[in-house]
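Student: From first to last, the protein sequence lines are chains A and B. Heads up, the first sequence is in the numbering used here, so the first residue is 1 and it goes up one at a time. Heads up, the second sequence is in the numbering used here, so the first residue is 1 and it goes up one at a time.
By construction, these hints were calculated from the structure, which means they are not laboratory data. Cβ atoms here follow ideal geometry from the backbone N, Cα and C, with glycine treated the same way. Careful, some of the hints might be misleading.
[As the list claims (entries may be wrong)] With beta-carbon atoms standing in for the labels, derived distance ranges:
| id | chain 1 | residue 1 | chain 2 | residue 2 | range |
| --- | --- | --- | --- | --- | --- |
| 1 | B | Thr213 | A | Gln119 | 24 to 30 angstroms |
| 2 | A | Thr132 | B | Arg231 | 26 to 32 angstroms |
| 3 | A | Asp134 | B | Ser41 | 24 to 30 angstroms |
| 4 | A | Ala66 | B | Val45 | 37 to 43 angstroms |
| 5 | B | Ser41 | A | Thr132 | 26 to 32 angstroms |
| 6 | B | Ala130 | A | Lys84 | 55 to 61 angstroms |
| 7 | B | Met126 | A | Gln117 | 29 to 35 angstroms |
[What the hints assert, rightly or not] These stretches of chain B come out as covered by chain A in the derived footprint (C-beta under 8 angstroms, 3 or more residues):
| id | region |
| --- | --- |
| 8 | 86-93 |
| 9 | 138-150 |
[To be verified] Selected chain A positions facing chain B (Cβ under 8 angstroms, derived; list incomplete):
| id | residue |
| --- | --- |
| 10 | Thr58 |
| 11 | Ala59 |
| 12 | Val115 |
| 13 | Leu116 |
| 14 | Asp122 |
| 15 | Val126 |
| 16 | Ala129 |
| 17 | Gln141 |
| 18 | Asp145 |
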Amino acid sequence: MATALASAGILLAGWQSGAHIADTGTTTTTSLSSSATSGGSGNTGSTGSTGSSKTTSTAATYDGTAVQTRFGTVQVRVTIQGGKITEVTALHLTDAERKSAQISSRAAPVLRSEVLQAQSADVQTVGGATVTSDAYLTSLQAALDAAHF
Amino acid sequence: MPHTSSSTQLRARTFRSMGTVVSLTVASGGYAQTAVDELESAAAVVEDKFTELDLAFSLYRNGSEASRLARGELTLAYASESMRALYAEAAEWRLATDGAFTAERADGTLDLSGIVKARAVREAAMSLEALGLRDWCLNAGGDVLVSGSPGPGTEEPWLAGIVDPQDRRALLGAYPMATLPALATSGTAERGQHIWSVGGAAPEFNQVSVAATDIVTADVLATAIVAGGTRTLDQAVEKWKVEVLAARPDGTLLATPGFRKPA
Numbered sequence: 001m002a003t004a005l006a007s008a009g010i011l012l013a014g015w016q017s018g019a020h021i022a023d024t025g026t027t028t029t030t031s032l033s034s035s036a037t038s039g040g041s042g043n044t045g046s047t048g049s050t051g052s053s054k055t056t057s058t059a060a061t062y063d064g065t066a067v068q069t070r071f072g073t074v075q076v077r078v079t080i081q082g083g084k085i086t087e088v089t090a091l092h093l094t095d096a097e098r099k100s101a102q103i104s105s106r107a108a109p110v111l112r113s114e115v116l117q118a119q120s121a122d123v124q125t126v127g128g129a130t131v132t133s134d135a136y137l138t139s140l141q142a143a144l145d146a147a148h149f
Numbered sequence: 001m002p003h004t005s006s007s008t009q010l011r012a013r014t015f016r017s018m019g020t021v022v023s024l025t026v027a028s029g030g031y032a033q034t035a036v037d038e039l040e041s042a043a044a045v046v047e048d049k050f051t052e053l054d055l056a057f058s059l060y061r062n063g064s065e066a067s068r069l070a071r072g073e074l075t076l077a078y079a080s081e082s083m084r085a086l087y088a089e090a091a092e093w094r095l096a097t098d099g100a101f102t103a104e105r106a107d108g109t110l111d112l113s114g115i116v117k118a119r120a121v122r123e124a125a126m127s128l129e130a131l132g133l134r135d136w137c138l139n140a141g142g143d144v145l146v147s148g149s150p151g152p153g154t155e156e157p158w159l160a161g162i163v164d165p166q167d168r169r170a171l172l173g174a175y176p177m178a179t180l181p182a183l184a185t186s187g188t189a190e191r192g193q194h195i196w197s198v199g200g201a202a203p204e205f206n207q208v209s210v211a212a213t214d215i216v217t218a219d220v221l222a223t224a225i226v227a228g229g230t231r232t233l234d235q236a237v238e239k240w241k242v243e244v245l246a247a248r249p250d251g252t253l254l255a256t257p258g259f260r261k262p263a
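Based on the provided sequences and hints, a complete structural model is requested.
Tutor: Shown next as structure tokens:
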């Protein structure tokens, strides 16, 4: 049993790194917590073993860590049986509505005229890449600070 | 002078710290002298906080712990607890941004000054809250954190202009600081190319502004996106509640909805 668990652990580690590679296109890094449900059968209530005649082929399920993204929680469960991953199911995935929110909040190319405009007289402060002490003297921020005397 | 809502005034104080200029603007509708006193003491508190962090962490001071670390006179294992905590924070951000943000310069020098400035802003903000100030705007070298409104008692948000990287006397756009009170901008224009892109190629963006709920997050992500380009931008937008305005050297822009004109 201990060796079975150990090899499952190695498999999990392999699966985990595979998941990372497959995942590089998104930020949702689905990592499995190594301490998750390390017991044998029946530890999550959904171990649905099909080959229950042999104890060595008892399916064990491992729940991945719930990963929070802005658009919802992502969590997977893997089922390992006879030293092989037999099933990967999604416990939580971001739903379609959230997916569309995700897409609409992406940065898109815009024309200058499409950016919210303001005259320097309308703003109370100015954001800009690090203004040095010297550059400050000729900056818009200096003018604003002087106006707020 | 009795207080009326129409007598709201903005007053500002500035001081130099960390190689740049910090300005504190306070909105008040109270008695003029009270407001001035309030501003003076608030500015003093903010300056103290910046000086404290600058003494320990700034590479602009030869004798600072950070400079001794950078010169190799001190190793991290023997550094102060706060220095190690800061380094740990930087390391976490490096992981969270897939390496786009790093506290190490291209030559290997440990440079925590970006995080230090943002942290000074954050701690100064806590001091201002402790003083009971509600309506203020703190600008540290172009990184902005606000509280309340420029018109106390109104819903009007502080409006921050974003400098145009191609004409630094003009504004590229503006951002109403309503739901996200922190705005940081990183770029290659002001101090030369002090950000190195991942892989050593020329950065895709020459200026990136990030609005976030927290100034450290805004600052780190702005730096990370300059270094990591569109890929890091997309990751940041997906992972954190942020709005981004990014400018390319050719003048083209990328913006999330918060930076766009209402349709």
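Student: Taking the hints in turn, state whether each one holds.
Tutor: Tested hints:
| no. | hint | result |
| --- | --- | --- |
| 1 | B:Thr213 / A:Gln119: 24 to 30 angstroms | 28 angstroms, holds |
| 2 | A:Thr132 / B:Arg231: 26 to 32 angstroms | 30 angstroms, holds |
| 3 | A:Asp134 / B:Ser41: 24 to 30 angstroms | 29 angstroms, holds |
| 4 | A:Ala66 / B:Val45: 37 to 43 angstroms | 41 angstroms, holds |
| 5 | B:Ser41 / A:Thr132: 26 to 32 angstroms | 28 angstroms, holds |
| 6 | B:Ala130 / A:Lys84: 55 to 61 angstroms | 59 angstroms, holds |
| 7 | B:Met126 / A:Gln117: 29 to 35 angstroms | 34 angstroms, holds |
| 8 | 86-93 | violated (count 0) |
| 9 | 138-150 | holds (count 7) |
| 10 | Thr58 | 36 angstroms, violated |
| 11 | Ala59 | 33 angstroms, violated |
| 12 | Val115 | 4 angstroms, holds |
| 13 | Leu116 | 5 angstroms, holds |
| 14 | Asp122 | 6 angstroms, holds |
| 15 | Val126 | 5 angstroms, holds |
| 16 | Ala129 | 3 angstroms, holds |
| 17 | Gln141 | 6 angstroms, holds |
| 18 | Asp145 | 4 angstroms, holds |
Checked against the numbered hints given earlier, this structure breaks hints 8, 10, 11; the rest are met.
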